[in-house]
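S.K.: Use the sequences and the hints to build the structure in full.
If you read the protein sequences in the order shown, they are chains A and B.
Heads up: the first sequence is residues 1 to 170, going by the numbering used here.
Heads up: the second sequence is residues 171 to 514, going by the numbering used here.
There may be inaccurate statements among the hints.
[As the list claims (entries may be wrong)] If the Cβ cut is set under 8 angstroms, some of the chain B residues that face chain A in the computed set are:
id, residue
1, E282
2, E321
3, N354
4, L390
[As the list claims (entries may be wrong)] Once the Cα atoms are required to be at most 25 angstroms apart in a straight line, the calculated DSS-like pairs of lysine-lysine come out as:
id, chain 1, residue 1, chain 2, residue 2
5, B, K215, A, K8
6, B, K491, A, K8
7, B, K229, B, K209
8, B, K215, A, K121
Worth flagging that the hints you see were computed from the coordinates, not collected in a lab.
All values derive from a computational prediction rather than experimental measurement.
We put the beta carbon where it would ideally sit given N, CA and C, even for glycine.
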Amino acid sequence: MICENCNKNTATVHVTKILNDKKTELHLCEQCAKQSEGVPFDTSFTINNFLTGLLDSIHDSPIKVDYIKTTKCDHCGMSYGKFKQLGRLGCSQCYNAFQEKLIPLIKRVQGSEVHTGKVPKRAGANILMKKEIKRLKTELEKAIRSEEFEKAAVLRDKIRETERQLHQDN
Amino acid sequence: MAKWMEQLGPESDIIISSRIRLARNVEEFPFPVALTKSKSKDLIKKVRDTILEGNTTLKNDFEVFELEEMPQLERQTLVEKYLISAALMDQSEKSAVLLNKDESVSIMVNEEDHIRIQCLLPGFQLTEAWDTADKIDDVLEESLKYTFDEELGYLTSCPTNVGTGIRASVMVHLPALTMTGYINRILQAASQIGLAVRGIYGEGTEFTGNIFQISNQLTLGRNEREIVANLKDVTLQIIQKERDARNTLLSSNRIQLEDRMYRSYGTLANARILSSQEFMKLLSDLRLAIDMKIIGGISMDVINQMMVMAQPAYLQKSAGKPLSVNERDIRRATIVREKLKNIT
Numbered sequence: 001m002i003c004e005n006c007n008k009n010t011a012t013v014h015v016t017k018i019l020n021d022k023k024t025e026l027h028l029c030e031q032c033a034k035q036s037e038g039v040p041f042d043t044s045f046t047i048n049n050f051l052t053g054l055l056d057s058i059h060d061s062p063i064k065v066d067y068i069k070t071t072k073c074d075h076c077g078m079s080y081g082k083f084k085q086l087g088r089l090g091c092s093q094c095y096n097a098f099q100e101k102l103i104p105l106i107k108r109v110q111g112s113e114v115h116t117g118k119v120p121k122r123a124g125a126n127i128l129m130k131k132e133i134k135r136l137k138t139e140l141e142k143a144i145r146s147e148e149f150e151k152a153a154v155l156r157d158k159i160r161e162t163e164r165q166l167h168q169d170n
Numbered sequence: 171m172a173k174w175m176e177q178l179g180p181e182s183d184i185i186i187s188s189r190i191r192l193a194r195n196v197e198e199f200p201f202p203v204a205l206t207k208s209k210s211k212d213l214i215k216k217v218r219d220t221i222l223e224g225n226t227t228l229k230n231d232f233e234v235f236e237l238e239e240m241p242q243l244e245r246q247t248l249v250e251k252y253l254i255s256a257a258l259m260d261q262s263e264k265s266a267v268l269l270n271k272d273e274s275v276s277i278m279v280n281e282e283d284h285i286r287i288q289c290l291l292p293g294f295q296l297t298e299a300w301d302t303a304d305k306i307d308d309v310l311e312e313s314l315k316y317t318f319d320e321e322l323g324y325l326t327s328c329p330t331n332v333g334t335g336i337r338a339s340v341m342v343h344l345p346a347l348t349m350t351g352y353i354n355r356i357l358q359a360a361s362q363i364g365l366a367v368r369g370i371y372g373e374g375t376e377f378t379g380n381i382f383q384i385s386n387q388l389t390l391g392r393n394e395r396e397i398v399a400n401l402k403d404v405t406l407q408i409i410q411k412e413r414d415a416r417n418t419l420l421s422s423n424r425i426q427l428e429d430r431m432y433r434s435y436g437t438l439a440n441a442r443i444l445s446s447q448e449f450m451k452l453l454s455d456l457r458l459a460i461d462m463k464i465i466g467g468i469s470m471d472v473i474n475q476m477m478v479m480a481q482p483a484y485l486q487k488s489a490g491k492p493l494s495v496n497e498r499d500i501r502r503a504t505i506v507r508e509k510l511k512n513i514t
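M.R.: Below, the structure written as structure tokens:
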């Protein structure tokens, strides 16, 4: 069947309307149906829907607990249920509010949960320093283990200096 | 006319354009999905001021357009030129775009995320596009405080963009791989190594005219340069495979190939009615014929321009009035005929 509106595409949406005992039928293709008024049509199956569909299937628990549906983000008011429906978070605080479910989801779709890319210079200055301290501490441990005490002393001083800077900035 | 339509870049026989898109959000504003209209205007002003009132050279290069104040056809034309996304257009009352003069950079405000920096260049120029987007990101960051988490990186409205927020993509023309049937294997392999393959107008669109968009799917765990390098490596391999397939076709079926190309050229140069489907199919043949030097005298940028000029909104804009589907098919044929007549 060909779409009644554009006469081009195959009609895949069939609407039967009964108004004042009068029955009308409409056969449209997907595109025309979307544009047509009065046709309730939503096939927006997007990546977002697909993604949130994974949310509750992550913990393969035999008992489904829905208590988390009532969780809300205090900052923007987005509920977990609404996030599941939209596939989009309402604000940056939502990452904290829905952390319990979101982090496993992120790990599952991204294959990782740690950012290793660009860090904003201004907002991330502290973060860069913290990362540097972490790196130095691992090096320090290594140095101690291999009994390179001179190197360890240098590293220790570096860590102290960076920590002092971080403290000052805060 | 956008830069990718006007100039030719490296490997332009196969790679039509390269694109980098960065997703960013600003602290103290809810994400666009939860943003009120008045707040969205505040954010537009903030981004606008950063670029246009700032102390960088960007200030003379960019212009701001609030989508609400644009006629619908203008908005749609921007989508057809790939300068904005359909999602930005769909929320015109809240969104804006900053465009630079040669239309290689667009900064979308209030799309799915607050800010989407896009750099779109002709041919195979992924690294160049990343460098540009990176610099603009730095400028914006000087006066805007981005939402950033120590562990998760840049926080985005959809968790599929979290981390680097980067989407790198290339638009490729792969007619020989399609004709020889190898394309499915390649598409499958690409998806197995974390790349997505889509039609030319993004998510969910059909593969028309043998044109594919290949992009990274993962945004977390690898840094931007690694993501770009990965896509680059895969694209280079696809380029090689497509060239091999072209050579095979040429050596085994030269006359059939030439016949098909000249027929397509003949139809494009003479038809009075051209549907967009038919047009894209014929244009793919002509593009290939030019690349393989079977048909001479036509420059590839003309092909890229025709591809956009034959889109619905562009046709209506150039006609200066709304057109029905049939009228569009007639106008498309006229424009294509004229474009090709000027050349030969």
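S.K.: Now tell me, hint by hint, if it's right for this structure.
M.R.: Consistency of the hints with the structure:
Taking 8 angstroms as the C-beta cut-off, the interface hint given for B:E282 holds, the closest approach to chain A being about 7 angstroms. At its closest, the beta carbon of B:E321 sits 6 angstroms from a beta carbon of chain A; the interface hint therefore holds under the 8 angstroms criterion. Here the hint on B:N354 is broken, as its CB sits about 22 angstroms from the closest CB of chain A, past 8 angstroms. At about 4 angstroms, the closest approach between the beta carbon of B:L390 and any beta carbon in chain A falls short of 8 angstroms, and the interface hint on this residue holds.
Distance check on the hinted pair: B:K215 and A:K8 sit about 44 angstroms apart at the alpha-carbon level, beyond 25 angstroms; violated. For the hint pairing B:K491 with A:K8, the CA-to-CA distance comes to about 23 angstroms; that is within 25 angstroms, so the pair holds. At most 25 angstroms may separate the alpha-carbon atoms for a hinted pair to count; B:K229 and B:K209 meet this at roughly 24 angstroms. In summary, the hint linking B:K215 to A:K121 is supported, as the alpha carbons are separated by about 23 angstroms, within the 25 angstroms threshold.
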